[in-house]
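Each chain is listed here by its residues.
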Amino acid sequence: MGSNTKLALRNIFRNKRRTFLTCLLVGSGLAIMMFVDGLMLGMKDMMISKVTSTWLGEAEIHAPQFRRDMDAAFSVVGADEVVRRAEQVPGVEAVAPRTLVTGMISSSGNATGGAIFGIDPQREQNVSRINEALTAGHMITANARQDILIGYKMADLLDVEIGDRIVLTATEPLSGEIAQSLYFVSGFLRFNDRAMDSSTAFISYAAGQKLLAMPGAAQEIAISIHPSADQDVVVANLKESFAGENVELLGWWELAPDVASILAMQEFGLWIMAVILFILVSLGLINTMFMSIFERHYEFGVMLGLGTRSSKLFSLICWEGALIGVFGALLGLGMGGLANSWSARYGILFGKGTSEFAGLTLSEPVFNQFSVTQFTSLPAFVVVLTVLACIIPAIHAARLTPSSAMRRAI
Amino acid sequence: MTVIIKTDKLSRHYGKGNVMVKALDGVDLEIDSGEFTAIVGPSGSGKTTLLQLIGGLDKPTSGDVYLKGTKVSAMAPGALSDFRRDHIGFIFQAFNLIPVLTAQENVEYIMLLQNRPKAERHEKAMSILESVGLKDMASRRPAEMSGGQQQRVAVARALASEPDIILADEPTANLDSKTGADLIDLMKEFNEKSGVTFVFSTHDTKIMERAKRLVRLVDGRISEDIRQ
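Going down the list, the protein sequences come from chains D and U. Letter by letter, the first sequence follows residues 761 to 1170 of my numbering. Letter by letter, the second sequence follows residues 71 to 298 of my numbering.
Be aware that a few hints might be false.
To be verified - Simulated crosslink set (DSS-like; lysine-lysine; CA at most 30 Å straight-line): (1) D/Lys-1072 - U/Lys-194; (2) U/Lys-205 - U/Lys-129; (3) U/Lys-258 - U/Lys-248; (4) U/Lys-141 - U/Lys-205; (5) U/Lys-129 - D/Lys-1072; (6) U/Lys-76 - U/Lys-129; (7) U/Lys-276 - U/Lys-258; (8) U/Lys-76 - U/Lys-86; (9) U/Lys-129 - U/Lys-86; (10) U/Lys-194 - U/Lys-263; (11) D/Lys-1072 - D/Lys-766; (12) U/Lys-194 - U/Lys-205; (13) U/Lys-282 - U/Lys-263; (14) D/Lys-1072 - U/Lys-86; (15) U/Lys-79 - U/Lys-129; (16) D/Lys-1072 - U/Lys-188; (17) D/Lys-804 - D/Lys-913; (18) D/Lys-766 - U/Lys-194; (19) U/Lys-138 - U/Lys-248; (20) D/Lys-766 - U/Lys-205; (21) U/Lys-188 - D/Lys-766; (22) D/Lys-1072 - U/Lys-138.
Keep in mind that the hints were calculated from the coordinates and are not lab data.
Just chain D, same shape as in the assembly (with noise of 0.2 Å):
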């Protein structure tokens, strides 16, 4: 060990207790940047999930011009192939198709505008969480032919029970024609979602082309990737795998460029709380060194008159700096490590039960996640910026003369 760091290292214990409290000072702040990160993860996760499993899934293929005006008329061609094909692509976890138009949704009590969407429930049950969404009733079939399900704010509106009737009334994309068809409501759907719930209904993947009168296709591939995956790299390789064709795939950052931000923010939030924290930290440590140093000033006198240069005195406070964040990043890896863990295994419930948060309901616990940057970039940020802060204090000791600083003590 250097003669500077054994010195250092004794200098620092010469006073445990207040060298324990600045160690512990350093020591929470990593903690709660620590539990902040984890919670940001957990909510950042929490909010994918919502957002990619609720309905949208982790990417989805389109007709080029349809996300412009939703225009039922753009859909992709030969879907069965498409669906195939991008099944091939590893990282994908399941692909499924579907029709989609706007229309007008009727009962015998009112009647309210909607997107119908037909689905194959078997593909479906794989990419989003139609099937949890099931609240009463029974799920469609593939090939129902007059079931459809309904959210159950829109079954409040329609005023219509398991069984009763429904008219669904749609232009055909390519004759212009209007198409009506009946059907009975077989179920109702419960998504915790304000737009799904009050404006959606669905119908089996064959009635949604019948409805439209478009065979073998369909508005709306939803493709969800395996939890293990890296979802920009299966993303890219499903863009490289449809380059050059007449469709648009689009990773669930770019269909939902509003929770992205949001994410964004988050994560650049973080690192600006992080740096307010670390300059509060940072002036209890600088007046902590400079209350060390100024208890030590004839002792520094003694050392400079020995022949000790003033950077190595620089030097030794700096060094005393750096253990003492050391000391204190160990104890926050400790304590946040452990707050981490609670929050892990129990989770965080806000707002009672349900809370509304960028367009998305939170009705979850949400449970702190460990990431690489909370045992490596955060520490390390944290033993920088504690030396950082003995700068300062460490060029007070460097200025002082050896008779000055025998004249101070006295």
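Dock chain U against chain D, hints included.
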């Protein structure tokens, strides 16, 4: 005899105008190599200031200090630090030692600054501690030693760097008279054995008797210079 310490119209003032204090006022002094000199005088006479200026611990307001023919009063801080390290040993009145280092480590400290190899530092430190009668205290920290023992370790440290000059500022001030006398006798012994020049300040008359030369300061000026 060669002159090893020379001051030329050395002055040190503190403050300005009506509140200016002349701690030293135009002191001319020459000390030969190997001398055992006591700077005496009442409190505030400038003893500590003179020693600090000779040792390069402070800058004079005017005048110069020459050590071994080198004008130390004009040296840059880094070069002055190195000069002190290699040529001057210091014994201060109190709190001489680095509290977190053992007696041996305190003695080795000066040799560490001189970049001497570890084995050499260790051997020399133990040898010097033995010569001051403290070999058994080598692993003790200052808080575990008496005042007299701490000052002996300070003497050992001052000698470890093999200096040409040792400056001791009231080294016996915090010691009882017997311990103080023993310390001065130790310093005198080393002065006679190794020829190191000793300059120390004191206002203890019993200690003065042991010095070969007395330089009396009053109000920052030399009033008497007696060779005993």
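So, going through the hints one by one against the coordinates:
{"no.": "1", "hint": "D/Lys-1072 - U/Lys-194", "in the structure": "holds (24 Å)"}
{"no.": "2", "hint": "U/Lys-205 - U/Lys-129", "in the structure": "violated (37 Å)"}
{"no.": "3", "hint": "U/Lys-258 - U/Lys-248", "in the structure": "holds (15 Å)"}
{"no.": "4", "hint": "U/Lys-141 - U/Lys-205", "in the structure": "violated (38 Å)"}
{"no.": "5", "hint": "U/Lys-129 - D/Lys-1072", "in the structure": "holds (21 Å)"}
{"no.": "6", "hint": "U/Lys-76 - U/Lys-129", "in the structure": "holds (15 Å)"}
{"no.": "7", "hint": "U/Lys-276 - U/Lys-258", "in the structure": "holds (14 Å)"}
{"no.": "8", "hint": "U/Lys-76 - U/Lys-86", "in the structure": "holds (27 Å)"}
{"no.": "9", "hint": "U/Lys-129 - U/Lys-86", "in the structure": "holds (16 Å)"}
{"no.": "10", "hint": "U/Lys-194 - U/Lys-263", "in the structure": "holds (17 Å)"}
{"no.": "11", "hint": "D/Lys-1072 - D/Lys-766", "in the structure": "holds (13 Å)"}
{"no.": "12", "hint": "U/Lys-194 - U/Lys-205", "in the structure": "holds (11 Å)"}
{"no.": "13", "hint": "U/Lys-282 - U/Lys-263", "in the structure": "holds (15 Å)"}
{"no.": "14", "hint": "D/Lys-1072 - U/Lys-86", "in the structure": "violated (34 Å)"}
{"no.": "15", "hint": "U/Lys-79 - U/Lys-129", "in the structure": "holds (13 Å)"}
{"no.": "16", "hint": "D/Lys-1072 - U/Lys-188", "in the structure": "holds (19 Å)"}
{"no.": "17", "hint": "D/Lys-804 - D/Lys-913", "in the structure": "holds (27 Å)"}
{"no.": "18", "hint": "D/Lys-766 - U/Lys-194", "in the structure": "holds (21 Å)"}
{"no.": "19", "hint": "U/Lys-138 - U/Lys-248", "in the structure": "violated (34 Å)"}
{"no.": "20", "hint": "D/Lys-766 - U/Lys-205", "in the structure": "holds (23 Å)"}
{"no.": "21", "hint": "U/Lys-188 - D/Lys-766", "in the structure": "holds (15 Å)"}
{"no.": "22", "hint": "D/Lys-1072 - U/Lys-138", "in the structure": "holds (27 Å)"}
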